[in-house]
Amino acid sequence: MDDVLKPAYNWFKKKGWKPFPFQEEAWNAYLNGKSGLLNAPTGSGKTYALWIPTILEFLRDHQPEEITPEVRVLWVTPLRALAKDIQRAMQEVCDDLDLRWEVGLRTGDTTTSQRQSQKKKAPQALVITPESIHVLLSQSDYPNFFKNLRAIIVDEWHEILGTKRGVATELAISRLKALNGSQLKIWGISATIGNLPQAKRVLLGEDYHKESVTVRADIDKEVLIESVLPDEVEKFPWTGHLGTKLLPKIIPIVNRSRTTLLFTNTRSQTELWYQAILKFAPELSGVIAMHHGSMDNDIRGWVEDALHAEKLKLVVCTSSLDLGVDFRPVDTVIQVGGPKGISRFFQRAGRSGHQPGAVSKIYFVPTHSLELVEGAALRESIQEKQFESRKPLEKSLDVLIQYLVTLAVSGGFKPLQILEELQTTYSYRRLTAQEWQWCLEFITTGGKTLGQYDEFAKVYNDDGIYKIINKKAATKHKLSIGTIVGDPALKVRFMTGGYVGTIEESFISRLNPGDTFWFAGKNLEFVRIKDLTVLVKKSSKKSGLTPQWMGGRLPLSSMLADKIREKFEQAVEGNYADIEMHTIKPILDLQAKWSDIPSRKNLLIEKTKTRFGYHIFIYPFEGMFVHEVLGGVVALRISRIQPITFSISMNDYGFELLSDQEIPIEEALESDLFNEENLFQDIQESINMTEMAQRKFRDVATIAGLIFQGYPGKGIRAKHLQASSGILFKVFEEYDKENLLIRQSMEEVLTLQVEHSRLLEAMRRINDQKIVLKETIKPTPFAFPILVDMFRRQNLTSEQLSDRIAKMQMQLERAANKQS
Amino acid sequence: MKGSPELLGANYKFQFLDQEFVLDADRAIYWQEDKSLIVADLHLGKAGHFRKHGVPIPRQVHITDLQKMNSLINRYQPEKILFLGDLFHSDNNEEWMDFIEWSNHHSGIQQLLIEGNHDILDEGSYLQTRMKVVDEYQNGPFLLTHEEVKTDLYNISGHVHPCVRLHGIARQGARLPCFQFGKQKGLIPAFGEFTGSHPIRPLKTDRIFAIAEGQLIGLVG
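Top line first, the protein sequences correspond to chains A and B.
Heads up, the final residue of the first sequence is numbered 885 in my numbering, and it's a clean run with no missing numbers.
Heads up, the final residue of the second sequence is numbered 899 in my numbering, and it's a clean run with no missing numbers.
In isolation and in its complexed conformation, chain A is listed as follows (with noise of 0.2 Å):
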């Protein structure tokens, strides 16, 4: 064993370092064939730790100058951003070793001649995204070009499971495996999360997990956590608003450090923040960048090279930096909002301090004076080691429609041997007869309402195998394989040429010709939309809009929300020992002046009069999207007390409930209001009359292929293929009830979003709890923040819409813009 390993201490050695002990063991273990799971954090040395043996394989079993071109290493990333730097550090691994391998690259930004060349001579290694798996897989030569595969590592695994790109990763190596039996690893690396064990069964697999190792890197390292704090708390926390003016607090801790990370949760946030340091600190130009996912590529390349090489000190960014290699100069990291999770939290602070023995700091910068409990609230889970679990997805099946299209384009395949592939992955591992017979059904003929018609031409059955035929339709799906689900997104781009990122269409829906917009660092004027492009030209003034992108927006992890519950327990004992929770001293006095601090034993409800109408607001502190079925359930409950229409809206904290007439609350809590009986008919029934259903239905359309989002550069011949996912879900609904993917929609919004034994936790918990009704003259300081962040919104009712109607206006247009 030592000769096979020799070559990885020579190289060690010629780079004056020493292997860490996971490193040596992940080497032997893979080099004993076996498969399994890495846990490391970013930045640990875990490249090596998973390259280095696929090379020793190769020099144990072949002559180095025995090179043929084939893939013998998939390296999984799920962001096509990191492929490049992990591509140049395997590749120079190889060149030290004198090794001619070729590491290449795929991503959907390889170049078609790339793609072309790679064909002919195929490199030895591949970088590559789930998405790109798919695409090759959609190639008729795919068995062939995959047939010598050794490895499939999937890094930063944490990041893909539980999300429909897992389920696509695992699909691919059930094929994968087929293609290459026992001579086929499977590692995956990951950072601390909460159910590394599953972690490891949903990636290898219900054959592979059964012999395989978990490797931890065990790299201990401090955290210390620290709130800035606000001199003087507003008793009103207006969202967002309390950040920036903390400005004077965090620019000298940008001063003291070599460079800074500073997280952001969304996309428009770090738009705005990036303005507003270059307004308070204007020396800092030159010297600060932003970073974000809707970017331009190259802009984002520069940027990282530029954090590489030191000559940045401060980055504004999203979770677009949090994945990845490492950036050494980055000594301090602030976070900016609740993270929301604890895992998330912890990697972010492993951002900074990378020297051996170093401290990670993280600073801690509240969007508004209530959020300092999640400082309190994220330290204490960090000391107590509680990490968050990343829940698999089960069955989806728009994702396996999309995948039994791709192998029907690629020459088609045999229903009972994919089945058979599939029943070894852990998402469809309990996939029912029934269920695959509808998927076969529905890519075929269509279903059942659709029945005979053959004008339905997708996938025919030719004699036991199922293929393409119609061209069209292959190329269609060839380009909708990893569609970024959500709204559309259009390029924007100067007039003069020179591309500048995306932007979602409903937000430039909203502009008029002349408008002006914030996006990466430069007010923009709009122009135009011309071909799914939006064209713009630089604007000079001073003022403009910032860009919403949708999603982004994590709820909290139920283990935080648990925390801050915990928090305001001590906080009404007394006891404000923490430094956070000491200055939200003010706040929590008033609340519990006007109202109450709900605690574990409490759980309040307020009832109060704006001049918006009548509202209620609840308490649970179960996270946002546990308030968002929650909220409906309490409003489908009191909705069958009266005809009453509800508009709600949530945060992590807790739900409104918001209506014209006054909300009989008390009724509706003697008839017992949170009974668990019935609970998930309720959940179901709300969830159908609000639009729950429809919104999850919209990504589940769109990854089956139901929704075209037209060919590139040619939007206009796509036009005649255009539905809204709206019009879409009320047309299966209506004439096709036992449509799956109506019913995978409902099914998410509960799986995805709400664990069912989350939300049964949550109305157990709180039919444990005291009732505690408080009428205020108006919203206390717990409310104020759910009624103006409106971030989420939905609305319920039980009357007659003539009825709703008959208290509405009409917008009328503003004399401004007449009509002609």
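Derived from the structure by calculation, the hints contain no laboratory data.
Note that the structure is predicted; figures quoted are calculated from it, not measured.
It is possible that part of the hints are untrue.
[Said to hold, decoys possible] Derived list of chain B stretches under chain A, where covered just means 3 residues or more per stretch with a C-beta under 8 Å from a C-beta of chain A:
hint	segment
1	735-743
2	842-850
3	870-884
4	892-898
Yeah, the Cβ is synthetic: ideal placement off N, Cα and C, and Gly gets one too.
Position chain B relative to chain A; hints supplied.
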């Protein structure tokens, strides 16, 4: 007072420019003087077009549309039907056969298609039906077209699939398909079940009739 809604029932007699319209909540107008039924934007065949491209929309969608047409015919016994364009969504597919059958079944009624941008079928296809294709239709004060045109007459068109947005207190709102009658022009809602809608921006002087739960709702600017 502005824009307060008035519930008008499933159909409503609307005297307009000395003519009598019956607005129907099934998204149609019966024009008394002309003895005609006016409908716009059926987009038949859209489901078939989607199926052809691998999106399984059931055929029943358009059957419902034709059944709705039948009940309108029973209700008003029109002498002619004016289709304000976008009758058929795309090139020929099997749903055209359904329409041929429907059209011939109603051979006693004159059928006029005012051609719209979606109507790309060839002449032969129309010859199998009772449909006569025209560019526009004029009678009395009205000029009927698919898309809005500049004219001295009062122009009634379809094409935009109009809907109106309503707002109430407590963040309530609704978006409803509607008829719009302005000073020189009017819009009628899309008839087809499998179509979207586009919010209009009503002027103070417009008369708007929105449709909700089978009821017409009068809105004044």
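Against the structure, the hints come out as follows:
1. Coverage of a stretch by a chain is defined here by at least three residues with a beta carbon nearer than 8 Å to that chain's beta carbons; for the segment 735-743 of chain B and chain A the count is 5, and the condition holds.
2. Coverage of the segment 842-850 of chain B by chain A holds. Counting CB-CB distances below 8 Å, 9 residues qualify, and the rule asks for three or more.
3. Given as covered by chain A, the segment 870-884 of chain B passes the check, having 8 residues with a CB less than 8 Å from a CB of that chain where 3 are the minimum.
4. With a threshold of 8 Å between beta carbons, the proposed coverage of the segment 892-898 of chain B by chain A holds, since 3 of its residues qualify and at least three are required.
Violated hints are absent here; each numbered hint is respected by the structure.
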